[in-house]
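Undergrad: For reference, the chains in residue letters:
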Amino acid sequence: MPTATAAKHEPANPPNLSAISLRGLTKVWSDGRRAVDELSVEVPRGKVVGFIGPNGSGKTTTFRMLLGLVHPTSGTAEVLGESISRPRAYLPRVGSVVETPALYPNLTGTQNLKVLCRLGGWNQSRIRELIDAAEIDADTTTKVGTYSLGNRQRLAIAAALLADPELLLLDEPGNGLDPIGTRDLRRFLRNLAAEGKTVFLSSHQLGELEQVCDAVVMIQRGRLLFEGPLEALLESGSRLVAVAERSDDHDAVVRIGLEAGHRAVEHSGRVWIDAPPGFEAELNRRCMEADVTLVELVRHRKDLESLFVEIADNHGKVQRG
Amino acid sequence: MAVFAALSTLSRFRLAAFASRLASRRQLLGQGSVVDGAGQAAGGGAGVRGRGLAQAADLIDRLAEPAGWLTGFTASGRFIGFVALVVFAMSVGQEYRLGTLRSLLVVEPRRLQLLGGKLLALASLLAAAICVGMIAALLVAVLSAGSVPIPTRAWASSAPDAAAIFVNVWAAAVTWGVIGSLLAVAFRGNAPAIGVGLVYGLLGEPILATVVGQITVEGVALWLPSRALATLASGGSADMGFTTVLAVAVGYAVAATVGLAALVRRSDVTV
Chain A
1 MPTATAAKHE PANPPNLSAI SLRGLTKVWS DGRRAVDELS VEVPRGKVVG FIGPNGSGKT
61 TTFRMLLGLV HPTSGTAEVL GESISRPRAY LPRVGSVVET PALYPNLTGT QNLKVLCRLG
121 GWNQSRIREL IDAAEIDADT TTKVGTYSLG NRQRLAIAAA LLADPELLLL DEPGNGLDPI
181 GTRDLRRFLR NLAAEGKTVF LSSHQLGELE QVCDAVVMIQ RGRLLFEGPL EALLESGSRL
241 VAVAERSDDH DAVVRIGLEA GHRAVEHSGR VWIDAPPGFE AELNRRCMEA DVTLVELVRH
301 RKDLESLFVE IADNHGKVQR G
Chain B
1 MAVFAALSTL SRFRLAAFAS RLASRRQLLG QGSVVDGAGQ AAGGGAGVRG RGLAQAADLI
61 DRLAEPAGWL TGFTASGRFI GFVALVVFAM SVGQEYRLGT LRSLLVVEPR RLQLLGGKLL
121 ALASLLAAAI CVGMIAALLV AVLSAGSVPI PTRAWASSAP DAAAIFVNVW AAAVTWGVIG
181 SLLAVAFRGN APAIGVGLVY GLLGEPILAT VVGQITVEGV ALWLPSRALA TLASGGSADM
241 GFTTVLAVAV GYAVAATVGL AALVRRSDVT V
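From first to last, the protein sequence lines are chains A and B. For the first sequence, the numbering used here gives the first residue as 1, with consecutive numbering after it. For the second sequence, the numbering used here gives the first residue as 1, with consecutive numbering after it.
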């Protein structure tokens with residue numbers, strides 16, 4: 001289980017290397033509800049960063065503040081080095097998909113993209129290329145109102161790429177995609193990061209995020225729970241699992257774990273020890289000294305979903321990886 | 001709008017034609033001129049007939065004026081205003097209903113620029129529609145003039161009057177359009193904006209005018225938006241001169257524009 005400490009430390013990425021930098025960002029709605037509460041986060045450039053939180057945790061509100069759609073109550077933020085109070089300075093380099101795809105149903109897919117190109121002053125020659133890359137299997141000369149949710153989502157992603165942005169803000173981009181589409185999206189996001197682009201995406205499909213993200217930001221009720229490399233999170237939640245040759249020796253293994261200052265318990269024929277990486281060698285040595293032979297010693301990592309539920313249930317002591 | 005303008009014009013020519021035939025029959029029967037008939041207040045029935053014929057005679061005189069062919073068109077100024085309110089409210093409101101506003105603002109974050117462009121496009125569309133309406137009115141007037149003994153020579157010199165009518169009708173309609181846009185932004189959708197706008201224009205203001213007229217001075221009702229803008233579209237009236245009604249309409253336009261700009265600039269886009 002991840003340790004619950006509110007560690008203060010230098011940010012992993014100095015602000016000038018961050019694609020997104022939030023400092024105490026807060027949004028209180030007119031009914032008094034705090035959607036985002038003193039959120040301070042650094043999103044590094046050139047990485048795929050997952051933005052995780054339960055429904056109503058403030059993810060979409062955060063995206064909207066970064067896109068200049070919602071005015072923050074307090075705090076500051078910078079996107080690509082520019083303050084969010086001057087969205088025109090950075091939005092031309094940002095692509096986004098926020099919530100459900102917002103398209104004109106009585107226009108065709110191609111026409112929807114042309115509207116945005118004309119408004120942004122972009123070259124319309126990329127439209128065909130993006131439609132092909134998004135693998136929209138609907139006829140793009142038919143009205144968007146006839147598209148499936150998956151095709152509308154693909155079209156929205158294509159629209160987000162029209163300006164060849166440096167940063168992509170994607171809110172539930174996999175919504176409506178079939179497994180093949182999800183796999184393609186995963187590959188697509190990794191390719192973007194390989195090109196040096198930054199992707200900041202939220203999703204409830206934590207299994208998918210685990211495969212694609214370099215780092216995660218975890219929030220609940222608008223407050224930060226965890227921020228840091230995904231590997232660090234997964235490692236921090238890992239446990240040692242030991243199996244002795246003789247089941248009678250499991251009590252000894254538990255005692256060794258407790259004496260070393262770790263939580264240890266026997267369960268289902270195994271000994272589970274909440275110890276950080278590196279304890280394996282010491283455990284092995286102490287077991288040998290105690291004449292206990294271990295037949296299995298592995299590190300069990302929880303998946304992102306389990307970790308998220310655990311951290312959220314722990315009522316959010318801030319952790320930084 | 002072209003169809004309505006044509007029908008409105010046609011109705012006036014038909015009315016004029018009827019009045020003209022009636023007047024001719026009365027003269028043949030030795031019952032005096034149309035105007036004389038109006039002056040005889042011998043009884044309720046003859047008085048009412050007289051007033052009706054006087055109004056018809058007045059209509060015939062107006063149709064003979066240089067901009068006579070636009071008489072029907074200017075009378076439909078209020079309807080054109082309501083059409084403008086609906087069109088503007090629908091266009092602005094649908095951006096909230098579909099959520100496309102957020103897509104547009106991410107591409108063009110200068111909200112006032114985006115709003116200004118949209119209003120300009122709608123105002124241009126309105127101008128084109130009014131032009132088409134006026135052309136339809138002209139065609140119907142030319143075709144209908146033969147059925148009524150109305151001298152149409154003055155129509156050839158109607159360009160300045162037509163231009164003035166175009167500007168008046170367009171200005172009144174654009175003001176209604178901005179009000180419709182303000183309602184659409186305030187309600188974040190087109191349906192409630194159209195509902196509130198039309199209910200006020202068709203029902204609310206007449207009721208309000210009656211109440212206000214009874215509580216205060218009768219003429220105050222002329223200053224209410226629907227009455228004032230209809231008067232502007234008609235180029236002024238005996239109750240309110242053109243300069244005064246123009247000032248009132250400009251006041252409504254400025255207030256609606258400032259309110260709309262403030263709302264657009266400050267509101268959070270949560271659609």
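Hints in this document: simulated from the structure, not taken from any laboratory. The structure presented is a predicted model; accordingly, all values stated were derived computationally and were not measured. Don't take every hint at face value.
Said to hold, decoys possible - 30 Å max Cα-Cα, derived DSBU-like pairs, lysine-lysine: (1) K302/A - K143/A; (2) K118/B - K143/A; (3) K143/A - K114/A; (4) K302/A - K118/B.
Stated by the list, open to error - Derived coverage of chain B by chain A (criterion: at least 3 residues anywhere in the stretch with Cβ under 8 Å from a Cβ of chain A; other residues may be distant): (5) 79 to 87; (6) 157 to 167.
Quick reminder that beta carbons are idealized off the backbone N, C-alpha and C, glycines included.
Undergrad: Does the structure break any of the earlier hints, and which numbers would those be?
TA: Structure breaks hints 1, 4, 5, 6.
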